[in-house]
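Chains as they are written, first to last, in my numbering: chain F, 10 to 391; chain G, 10 to 391.
What the hints contain is simulated information worked out from the structure, not anything from laboratory work. Among the hints, erroneous ones may be present.
Because identical chains cannot be distinguished in the list, a pair is counted as satisfied if it fits within a single copy or across any two copies.
For lysine-lysine, the following DSSO-like pairs were computed, each having C-alpha atoms within a straight-line distance of at most 30 angstroms [stated by the list, open to error]:
#1 Lys-194 - Lys-115
#2 Lys-344 - Lys-194
#3 Lys-261 - Lys-194
#4 Lys-344 - Lys-84
#5 Lys-252 - Lys-81
#6 Lys-81 - Lys-39
#7 Lys-261 - Lys-344
#8 Lys-252 - Lys-348
#9 Lys-252 - Lys-351
#10 Lys-261 - Lys-348
#11 Lys-39 - Lys-252
#12 Lys-348 - Lys-115
#13 Lys-194 - Lys-348
#14 Lys-39 - Lys-115
#15 Lys-252 - Lys-344
From a predicted model like this one, the values you see are computed outputs, not experimental measurements.
There are 2 protein chains.
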Amino acid sequence: MPATLPPDSVGLVIPQTLHFDEPLELDSGKTLPHYDLVVETYGELNAARSNAVLICHALSGDHHAAGYHSMKDRKPGWWDSAIGPGKPIDTTRFFVICLNNLGGCKGSTGPTSINPETGRIFGADFPMVTVNDWVRSQERLMRRLGIVQWAAVIGGSLGGMQVMQWAISFPHALRHALVIAAAPKLSAQNIAFNEVARQSIFADPDFHDGHYLEHDTLPRKGLMLARMLGHITYLSDDAMRAKFGRELRAGKINFGFDVEFQVESYLRYQGASFVDRFDANTYLLMTKALDYFDPAAEFDHELSRAFAATEAEFLVASFTTDWRFSPARSHEIVKALLKAGKRVTYAEIESEHGHDAFLVPIPDYMNVFRAYMGRVSTEADA
Amino acid sequence: MPATLPPDSVGLVIPQTLHFDEPLELDSGKTLPHYDLVVETYGELNAARSNAVLICHALSGDHHAAGYHSMKDRKPGWWDSAIGPGKPIDTTRFFVICLNNLGGCKGSTGPTSINPETGRIFGADFPMVTVNDWVRSQERLMRRLGIVQWAAVIGGSLGGMQVMQWAISFPHALRHALVIAAAPKLSAQNIAFNEVARQSIFADPDFHDGHYLEHDTLPRKGLMLARMLGHITYLSDDAMRAKFGRELRAGKINFGFDVEFQVESYLRYQGASFVDRFDANTYLLMTKALDYFDPAAEFDHELSRAFAATEAEFLVASFTTDWRFSPARSHEIVKALLKAGKRVTYAEIESEHGHDAFLVPIPDYMNVFRAYMGRVSTEADA
């Protein structure tokens, strides 16, 4: 709720909707006959169209990465700490674009959109989308904007997976790939957490097989549970200890099932507020896209072979207390890149913020990020 | 389903129900006017009544720790690997007793019992029970059996918390305290997982405010979700990788929400089968007993002061990949005991089995356990 906008903010921004009429065939075999993508841009595209940076969002992210939609906004976009004049992704140098991915719920075509085949809300009939599908839709967006090569493609978590897929699928289309707090594929434990989150949503009687909007309801409890569980995996044990410890909300034990510990209060709040801003079917699709991502699978499960044709220079960054995608998972990426003979910079940032650290302006992290982006050229390769 | 029983089994066992008429005042301020405890015993009590060992069970455990109830049983008791002739808790030397705790669902008075005040099933009206309440009820059981001092009190996880409480509350009543895979109190993250499990149960429309039995139903989906989530925290990331990896059940991705990965199949099976053998209200009570346990709280949060009056000799054991109660949590216990000048042996066992390791007959673990129990005297202190 800034009375005046901070000087290093990109300021007030207006999302734009781009319509695509060319059918998109998805990995699942299904086809989207046409679709919309909602985007935001920050900074100016230069005459050579060579200073564009693509931001890929994570599970619950969207196109609103920086700035404010109105002077009344309580908070700026989700990566405002990293995007703006003088920030690591410096909007005085770069033209930055961020989109809401297909299957999203913030304006791009997704489960809350109207299915052109039936005239009714897609709901559960929206097809599964993969990281590869997203990157292919983003490549069309790139062509629409007349951009031939990104200066950089950047993302954290599920966003980092899209960055890797970009480098693999369209080697010449990006000069730099910034893969932050990501993994080359989910572990069984990661999949297990996603599965419990999905089952929480399915178990909600208001889910109605994914057609809850037609029933004029929402699977509030199920999505709330999924988000509560997600939050545990985003924060580190240390961060939770520092933030809540075993603090009792009322100062004493009440021997009941109402909120007793502060951490319970936090989780319930996070869960309940998420329901008002996110769609359960989108949540389901995003978790499946995470589960499916495994670019090495087509290369005999040899990740270095998946990276063999990439041309981008990489920054890989991880955070010490991230247990969702731990530093060890980033090491897998770095080792595979090195084995493939690629240029890669690796940064392991000390942080107590767990997986969420990639959204937090930790000084060491911002410094590494800024230094790396400082040597990303705004001019196309010769 | 043993055709003949293994030679190192305690054999066929028959649970016994003991009735207690003396009212038990609980930490919550409520009173149980009378109650039953179901127990099993293995081995023979010696004439001096000095060779008795108490086994305390964990969250989903019960009195059936060893042996078989019938020749048709598919599996023996939950700690059969550790209890029997020649096993670490050697039934040729010790008289072993294990009980179902108050609030349980396997025959001891709990939420599925009849409330004597109303003549109806307790359900959600069963009072909260704490680790301290359990230990006090176990001390009455001890007196009923004419035992003045346990040779040892032994437990893993929540069972280990009861062992600590025994040593603190009744210093002279046990010669040895074996605390396995436990923690001196839950972390915020531990509480957070419990809270999501509880909310899963509450969210089930068949929960009926805890009076589901009177509605002739069960909160199956909610309890299933709680158990699925629990299972993720019992297994290590490594164990899940070794057990399931990213194996696809049908060999290929099917782009749907049915089971795709083996780990999903495992979790759903574990969750679904738990519902048939466990009560949701008991599950809720057990998670709260875990959350509340914090013996240092009464001693200015100084654990060594909580241990100051203890007389038992301790074995503390932890497992390298246990992330629910990691070795660091056992170190807290050991450090506090050392600071208090107590005798303690510590073993950190290499294992990939996560928290579940305490139930697994890992050779190093069994050797340490056997060696320690080998020097536990069956004779009373002079």
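(request) Indicate which option fits the pair Lys-39, Lys-252 if close means a Cα-Cα distance not exceeding 30 angstroms: within, between, both or neither. (result) Answer is neither; intra-copy 45 angstroms and inter-copy 33 angstroms both fail.
(message) Please sort Lys-194 with Lys-348 into within, between, both or neither, judging by C-alpha distance up to 30 angstroms.
(response) Intra 18 angstroms, inter 45 angstroms, cutoff 30 angstroms: intra-copy only.
(request) Go through the copies and call it for Lys-39 and Lys-115: within, between, both or neither, with a Cα cutoff of 30 angstroms. (result) within (22 angstroms within a copy, 51 angstroms between copies)
(request) Can you give me the call for Lys-344 and Lys-84, within, between, both or neither, at a CA distance of at most 30 angstroms? (result) neither (38 angstroms within a copy, 45 angstroms between copies)
(request) Up to 30 angstroms between alpha-carbons, please classify Lys-252 paired with Lys-348: within, between, both or neither. (result) between (40 angstroms within a copy, 28 angstroms between copies)
(message) Regarding Lys-348 and Lys-115, is the shortest C-alpha distance of 30 angstroms or less found within a copy, between copies, in both, or in neither?
(response) The answer is neither: 39 angstroms in one copy and 57 angstroms across copies each exceed 30 angstroms.
(message) One pair to classify: Lys-261 and Lys-344, alpha carbons no more than 30 angstroms apart. Within, between, both, or neither?
(response) between (50 angstroms within a copy, 27 angstroms between copies)
(message) Cα distance capped at 30 angstroms. Does Lys-252 pair with Lys-344 within a copy, between copies, both, or neither?
(response) Only across copies: Lys-252 and Lys-344 sit 25 angstroms apart there, 34 angstroms inside one copy, limit 30 angstroms.
(request) Could you place Lys-344 and Lys-194 in one of the four classes (within, between, both, neither) given a Cα distance threshold of 30 angstroms? (result) within (15 angstroms within a copy, 39 angstroms between copies)
(request) Measure nothing new, just compare the shortest in-copy and cross-copy C-alpha distances for Lys-261 and Lys-348 to 30 angstroms and report within, between, both or neither. (result) For Lys-261 and Lys-348, the Cα distance is within 30 angstroms only across copies (28 angstroms; inside one copy 56 angstroms).
(message) Treating 30 angstroms as the Cα threshold, decide for Lys-81 and Lys-39: within, between, both or neither.
(response) neither (41 angstroms within a copy, 51 angstroms between copies)
(request) Up to 30 angstroms between alpha-carbons, please classify Lys-252 paired with Lys-81: within, between, both or neither. (result) within (28 angstroms within a copy, 51 angstroms between copies)
In the structure shown, a violation is registered for the earlier hints numbered 4, 6, 9, 11 and 12, in ascending order.
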